[in-house]
Amino acid sequence: MIEITNLSKKFDKIAAIDNISLNIDKGSVVGLVGSNGSGKSTLLRVLSGVYEPNGGTVTIDGSVLSDNPKAKGDCYFIPDFPFFYNNSTIDNIAFLYRNLYPNWSEEAFNRYCTIFPIQRKARIINMSKGMQRQAALILALSTCPKYLFLDEIFDGLDPVVRQMLKRILIEHVAKNEMTVVIASHNLRELEDLCDRICLMHRGKILLEREIDDLRMGLRKVQVAFNEPPLDPNPFREINTINVWRNGNIFNITIRGTEEEFMPKLNALNPVYISAMPLTLEEIFISEMEAAGYDINSIV
Amino acid sequence: MTSTVSFKDKLKHAFSLFKWDLKACTGTLTVFSILAAVFTTIILTMCLVLGSSISNAFVETSNSTNISKNDVFGGSIQTFQMLSVYVLYFMTTIFTIFYTIKVFSYLHNKRKADLYGSLPISRTTLYLTKAASAYIFSIIPTLFFMGIISIISICCGQPLISEVTQVYTKIIMGAFACISAYGLISICCGTTFNAVIMFITVCIAYPLSAMFVKGVIGGFFVGSYFEISSNHFIMNALNPLAAYDGINVIYWIIFSVICLVASAFLIKKRRAERAQSSFAYYLPCHIVKVLVAFLVGMFLGVLFGSINTFNNAFWGFVFGFILGSIPAFIIAHLIFYKGFTKIIKTSVALGGLIVVVVAGMALCNYDVFGYNNFVPDINNVESAGFYCREQTYLNELKGFKKLSRDMADDFSDDTLKGQIIDLHAKRLDTLDVESQQKFIGVWTHMITTSMDELNINFPEEIYSYRMKNGSVVTRVYTYDTFAMSELYIYENPYTDIVTNKKYVEKYSAVTSADKENIKEFSVLGYSKDKKPVYNTIISGSSDYDTTYYDESNDNKISKEQYEACEKIKAAITKDIKNCNEEEFEKFICYQRDLNFYSISYDENSELTDLSAAQDMYDGIVCQIDFSAKTNYSPSTNSLLSSVQSIIADSLPGTYETYMIPKSFTNTIRTLQELDILNKDMTSNDDCEYTEVFYRYYY
Numbered sequence: 001m002i003e004i005t006n007l008s009k010k011f012d013k014i015a016a017i018d019n020i021s022l023n024i025d026k027g028s029v030v031g032l033v034g035s036n037g038s039g040k041s042t043l044l045r046v047l048s049g050v051y052e053p054n055g056g057t058v059t060i061d062g063s064v065l066s067d068n069p070k071a072k073g074d075c076y077f078i079p080d081f082p083f084f085y086n087n088s089t090i091d092n093i094a095f096l097y098r099n100l101y102p103n104w105s106e107e108a109f110n111r112y113c114t115i116f117p118i119q120r121k122a123r124i125i126n127m128s129k130g131m132q133r134q135a136a137l138i139l140a141l142s143t144c145p146k147y148l149f150l151d152e153i154f155d156g157l158d159p160v161v162r163q164m165l166k167r168i169l170i171e172h173v174a175k176n177e178m179t180v181v182i183a184s185h186n187l188r189e190l191e192d193l194c195d196r197i198c199l200m201h202r203g204k205i206l207l208e209r210e211i212d213d214l215r216m217g218l219r220k221v222q223v224a225f226n227e228p229p230l231d232p233n234p235f236r237e238i239n240t241i242n243v244w245r246n247g248n249i250f251n252i253t254i255r256g257t258e259e260e261f262m263p264k265l266n267a268l269n270p271v272y273i274s275a276m277p278l279t280l281e282e283i284f285i286s287e288m289e290a291a292g293y294d295i296n297s298i299v
Numbered sequence: 001m002t003s004t005v006s007f008k009d010k011l012k013h014a015f016s017l018f019k020w021d022l023k024a025c026t027g028t029l030t031v032f033s034i035l036a037a038v039f040t041t042i043i044l045t046m047c048l049v050l051g052s053s054i055s056n057a058f059v060e061t062s063n064s065t066n067i068s069k070n071d072v073f074g075g076s077i078q079t080f081q082m083l084s085v086y087v088l089y090f091m092t093t094i095f096t097i098f099y100t101i102k103v104f105s106y107l108h109n110k111r112k113a114d115l116y117g118s119l120p121i122s123r124t125t126l127y128l129t130k131a132a133s134a135y136i137f138s139i140i141p142t143l144f145f146m147g148i149i150s151i152i153s154i155c156c157g158q159p160l161i162s163e164v165t166q167v168y169t170k171i172i173m174g175a176f177a178c179i180s181a182y183g184l185i186s187i188c189c190g191t192t193f194n195a196v197i198m199f200i201t202v203c204i205a206y207p208l209s210a211m212f213v214k215g216v217i218g219g220f221f222v223g224s225y226f227e228i229s230s231n232h233f234i235m236n237a238l239n240p241l242a243a244y245d246g247i248n249v250i251y252w253i254i255f256s257v258i259c260l261v262a263s264a265f266l267i268k269k270r271r272a273e274r275a276q277s278s279f280a281y282y283l284p285c286h287i288v289k290v291l292v293a294f295l296v297g298m299f300l301g302v303l304f305g306s307i308n309t310f311n312n313a314f315w316g317f318v319f320g321f322i323l324g325s326i327p328a329f330i331i332a333h334l335i336f337y338k339g340f341t342k343i344i345k346t347s348v349a350l351g352g353l354i355v356v357v358v359a360g361m362a363l364c365n366y367d368v369f370g371y372n373n374f375v376p377d378i379n380n381v382e383s384a385g386f387y388c389r390e391q392t393y394l395n396e397l398k399g400f401k402k403l404s405r406d407m408a409d410d411f412s413d414d415t416l417k418g419q420i421i422d423l424h425a426k427r428l429d430t431l432d433v434e435s436q437q438k439f440i441g442v443w444t445h446m447i448t449t450s451m452d453e454l455n456i457n458f459p460e461e462i463y464s465y466r467m468k469n470g471s472v473v474t475r476v477y478t479y480d481t482f483a484m485s486e487l488y489i490y491e492n493p494y495t496d497i498v499t500n501k502k503y504v505e506k507y508s509a510v511t512s513a514d515k516e517n518i519k520e521f522s523v524l525g526y527s528k529d530k531k532p533v534y535n536t537i538i539s540g541s542s543d544y545d546t547t548y549y550d551e552s553n554d555n556k557i558s559k560e561q562y563e564a565c566e567k568i569k570a571a572i573t574k575d576i577k578n579c580n581e582e583e584f585e586k587f588i589c590y591q592r593d594l595n596f597y598s599i600s601y602d603e604n605s606e607l608t609d610l611s612a613a614q615d616m617y618d619g620i621v622c623q624i625d626f627s628a629k630t631n632y633s634p635s636t637n638s639l640l641s642s643v644q645s646i647i648a649d650s651l652p653g654t655y656e657t658y659m660i661p662k663s664f665t666n667t668i669r670t671l672q673e674l675d676i677l678n679k680d681m682t683s684n685d686d687c688e689y690t691e692v693f694y695r696y697y698y
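Top line first, the protein sequences correspond to chains D and A. Sequential numbering from 1 applies to the first sequence in the numbering used here. Sequential numbering from 1 applies to the second sequence in the numbering used here.
Treat the hints with caution; some may be incorrect.
Stated by the list, open to error - Where chain D lies over chain A, by a calculated footprint (3+ residues, C-beta under 8 Å):
# : segment
1 : 81 to 93
2 : 112 to 123
To be verified - Here are some chain D residues the structure puts well away from chain A; computed CB gaps all over 10 Å:
# : residue
3 : N68
4 : K70
5 : R98
6 : A108
7 : K204
8 : P234
9 : E258
To be verified - Computed list of lysine to any residue pairs in SDA-like fashion (alpha-carbon distance at most 25 Å, straight line):
#  : chain 1 : residue 1 : chain 2 : residue 2
10 : D       : K129      : A       : N109
11 : A       : K342      : A       : G352
12 : D       : K70       : A       : I421
13 : A       : K426      : A       : F374
14 : A       : K506      : A       : E434
15 : A       : K269      : D       : Q132
16 : D       : K13       : A       : H286
17 : A       : K468      : A       : K531
18 : A       : K402      : A       : P376
19 : A       : K112      : D       : M262
20 : A       : K112      : D       : F83
21 : D       : K146      : D       : P53
22 : A       : K12       : D       : S21
23 : A       : K10       : D       : V64
24 : D       : K13       : A       : T346
25 : D       : K13       : A       : K19
26 : A       : K23       : A       : I94
27 : A       : K19       : D       : Q132
28 : A       : K10       : D       : Q132
29 : D       : K175      : D       : F83
30 : A       : K112      : D       : P53
31 : D       : K70       : A       : H286
32 : A       : K269      : D       : K175
33 : D       : K70       : A       : I331
34 : A       : K110      : D       : K175
35 : A       : K10       : D       : Q119
36 : D       : K10       : A       : S277
37 : A       : K269      : D       : F116
If you're looking for bench data, these hints aren't it; they were derived computationally from the structure. Every residue, glycine too, gets a C-beta built ideally from N, C-alpha and C.
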């Protein structure tokens with residue numbers, strides 16, 4: 001289990017992570033989403049021990065991760081731009097990892113080298129972006145980590161490999177109780193993979209919830225009236241995130257369950273009501289708008 | 001809770017990382033190996049083919065005493081040893097820089113920081129493994145090739161010359177110090193560019209700055225000879241490249257260990273996000289910026305002082321220092337910070353530097369502490385010592401610093417003490433150093449004292465006092481100090497001092513020269529039939545270095561000759577000790593006046609000095625001409641040693657002439673035993689030492 005308590009990370013005077021607390025259970029897949037510069041990658045670097053926090057603590061299975069080789073042996077971090085030396089090959093790096101990572105599995109290594117369409121003895125630096133990520137994944141999965149931190153891992157992967165990766169990760173999670181934390185802007189992929197979502201903005205966590213709860217907790221509702229309500233703000237009794245009007249039709253994003261808001265909407269005598277769950281992307285945009293990150297005011 | 005990793009696991013991790021680094025550096029190591037093999041082969045081939053011509057050139061400059069001029073093959077192999085080892089030495093130095101930069105670059109790249117920061121290995125282990133890798137990559141291939149060179153030489157029947165064995169130490173120590181220092185700088189810097197620039201700056205700016213400091217000390221404190229002036233340790237304390245000189249090994253070990261310990265401490269605290277930013281720790285940056293500002297400021301300041309800008313050398317210096325230091329500081333800041341960020345905040349250090357330097361130079365310039373004209377009061381002096389280049393004999397020049405301190409205890413009788421103090425005061429009366437001269441003196445002292453190892457700047461006069469409070473006051477003056485060519489230095493009290501019996505006992509060559517340093521030993525006198533006789537035990541034309549000569553060579557000085565000289569010297573020393581003032585006066589009469597011969601009335605005589613002495617004093621038996629060389633401790637470096645010997649040969653030796661009175665019974669008896677004097681105290685014109693020319697001429 002990962003326990004993050006009052007974590008802060010500053011770069012000079014800029015707070016990349018601002019006093020956040022978060023618990024990530026063993027065997028869960030957590031998606032970190034958020035605006036650019038929200039602190040997702042920084043959080044992953046702190047989790048993987050690359051960065052030292054300025055305040056607060058991060059423990060993994062009760063151990064402080066900072067400069068702790070034993071705890072780090074159970075973790076693996078694939079950054080958004082993984083580094084490879086000019087002459088690095090998969091075999092070459094495996095040569096290093098074999099002795100460094102206590103859970104290194106030769107069997108898994110050979111298996112993933114077969115699964116992913118990649119040459120073991122080819123120079124990784126000469127490969128395409130997607131192939132480089134596959135190389136990083138092969139190495140990461142071969143270390144059989146208990147905690148896997150992935151930053152923009154889907155970037156550059158073709159759809160087939162994405163599916164394959166998702167299947168492999170789910171298999172690992174199911175089989176080994178591996179915990180995965182993925183930072184990504186590809187919300188569609190996260191939707192399939194994650195069981196929890198953590199939305200970050202300006203170094204803070206806006207929300208952190210089970211993905212199903214999140215979906216169920218927000219509704220996209222279309223309401224149509226014969227006559228437009230006289231009240232300029234007819235939905236004040238309802239916990240709306242945003243309201244968009246087109247003539248007599250209102251598109252509303254509402255926080256809460258249908259049982260909670262339907263009676264209040266019906267009380268406004270609409271001629272038509274339709275409630276649907278939001279996609280993750282819609283949730284993301286709605287929450288960001290609620291946090292003041294209003295795309296409509298920018299574009 | 002913090003889990004720990006066993007030492008065995010740490011070693012295992014370190015070894016894995018080392019092997020990985022080895023793979024990463026395979027290309028560079030291969031290039032080194034190819035170059036080393038090719039150069040070694042080229043040098044071996046050239047030495048064997050060119051043979052005698054190349055080996056003779058080597059023999060002339062080498063310290064080696066193991067080869068003879070006739071052994072061409074041996075000479076060729078030893079030349080091969082020296083040349084190939086030095087080529088390897090320079091190659092290693094260059095490649096060490098490559099390896100070190102490459103190995104520590106993991107600190108200066110964000111992507112590398114991600115990779116290494118997330119690896120399950122502690123930061124300290126990672127850093128120390130990297131340092132060890134750089135060290136091993138630098139040392140092992142070099143030692144391998146040096147081993148091959150040694151094996152080739154030994155197989156060819158030639159022992160290893162001293163250069164080869166010394167280079168081992170130099171390479172090992174140099175690599176250790178440079179890698180440790182660069183590692184520490186790398187931790188403090190955010191980019192490889194900054195680390196390299198800072199390392200180079202420290203290696204260049206520190207020794208040059210130290211040269212300016214010692215130049216100022218030498219130029220402004222007339223008579224000073226502080227340790228800093230020639231101290232290799234102080235001059236190079238922060239210049240790790242100096243460790244490649246192979247001297248001050250203990251210091252460089254301590255320096256390297258301190259760097260490693262500091263690095264191991266700082267790496268734990270270092271923030272990985274500092275990669276690709278200017279610095280992780282700013283202190284070294286401030287130091288280097290101040291160092292650069294100081295160096296450039298001093299250069300312009302001393303230059304402007306030397307040309308008497310504004311008709312006032314000191315204010316010329318101030319103007320020059322400000323003009324140099326401020327732009328240098330700003331440029332260094334721009335290079336390290338990639339912009340003007342924090343320039344105002346960090347300029348406090350520059351302001352402090354300017355204030356300190358200007359204040360310090362003002363104190364020096366106006367001699368606020370009265371250093372330059374200080375002559376102690378005789379009542380405060382316990383004992384005193386005096387050295388002069390012309391009359392004080394030293395067996396070895398290298399020991400002069402110790403000598404200047406030891407000299408303080410030489411003479412405690414009031415007369416001699418008073419004479420030394422009087423002479424010192426008299427010398428200082430002629431001293432009138434203007435500010436401009438002091439600034440010009442800075443350049444002179446920077447340059448001349450840089451060549452102390454060659455003993456070019458050996459002092460003309462040294463005054464040393466043991467004060468009653470136990471402290472030692474020493475003043476060391478070089479030839480230029482008083483423009484001595486304009487002084488008649490042989491006037492009193494100078495002559496009184498150097499012809500004082502106690503002084504002669506202690507510092508004349510005839511009493512204190514080691515036998516190996518004797519250049520000439522002649523006994524001059526008249527035969528029974530009043531003919532001049534030259535009995536030369538050791539001739540000035542003899543070759544002292546027996547290295548290249550076989551036993552049959554006539555010029556070789558025999559053991560018997562040395563023994564004869566030693567016997568006479570011992571007898572003279574004994575007689576000087578026992579004689580009274582009147583007899584000593586006869587003995588020293590020539591030394592008292594080096595123009596003695598000019599007063600000789602018998603211009604037709606062959607022995608004008610002896611004739612004059614015999615005319616002036618009763619009972620003068622013979623004349624002793626004695627010459628000794630001052631030994632130069634050979635440098636460990638062949639080339640430097642050869643330069644030293646050239647300089648030594650160009651300097652005049654010590655020539656002393658003494659008249660032996662009848663009362664010097666021990667001396668006369670010894671000369672008689674050696675058959676140089678007859679029983680009637682006339683000179684034997686047919687003994688084994690009688691010069692052939694005179695034997696036939698008369």
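message: Against the 25 Å threshold, does the CA-CA distance of K70(D) and I331(A) hold or violate the hint?
response: 46 Å, violated
task: Assess, step by step, whether the Cα of K269(A) is no farther than 25 Å from the Cα of K175(D), and give holds or violated.
output: Not OK: K269(A) and K175(D) at ~38 Å, beyond 25 Å, violated.
query: Going straight from one Cα to the other, do K70(D) and H286(A) come out at no more than 25 Å?
result: 38 Å, violated
query: Is the straight-line distance between the alpha-carbon of K342(A) and that of G352(A) 25 Å or less?
result: Roughly 17 Å between the alpha carbons, so the hint for K342(A) and G352(A) holds.
query: Straight-line Cα separation of K112(A) and P53(D) no greater than 25 Å?
result: Judged against 25 Å, a Cα distance of about 19 Å means the pair holds.
Satisfaction of hint between N109(A) and K129(D), Cα-Cα up to 25 Å: 19 Å, holds
task: Classify the label on R98(D) as holds or violated, using whether its beta-carbon is more than 10 Å from each beta-carbon of chain A.
output: 7 Å, violated
- prompt: Does K175(D) lie within 25 Å of K110(A) when you go C-alpha to C-alpha?
  reply: Violated - the C-alpha atoms of K175(D) and K110(A) are around 34 Å apart, more than 25 Å.
task: Decide if the proposed pair is consistent with the structure: K13(D) and K19(A), CA atoms, cutoff 25 Å inclusive.
output: Judged against 25 Å, a Cα distance of about 40 Å means the pair is violated.
query: Are the Cα positions of K269(A) and Q132(D) separated by 25 Å at most?
result: 32 Å, violated
field: Given hint F116(D) paired with K269(A) - CA-CA distance at most 25 Å
entry: Roughly 39 Å separates the two Cα atoms, so the pair is violated.
field: Verdict on chain D covering the segment 112 to 123 of chain A, where coverage means 3 or more residues with a C-beta closer than 8 Å
entry: holds (count 11)
The structure fails to meet hints 1, 3, 4, 5, 12, 14, 15, 17, 19, 22, 25, 28, 29, 31, 32, 33, 34, 35 and 37 from the earlier list, while all remaining hints are met.
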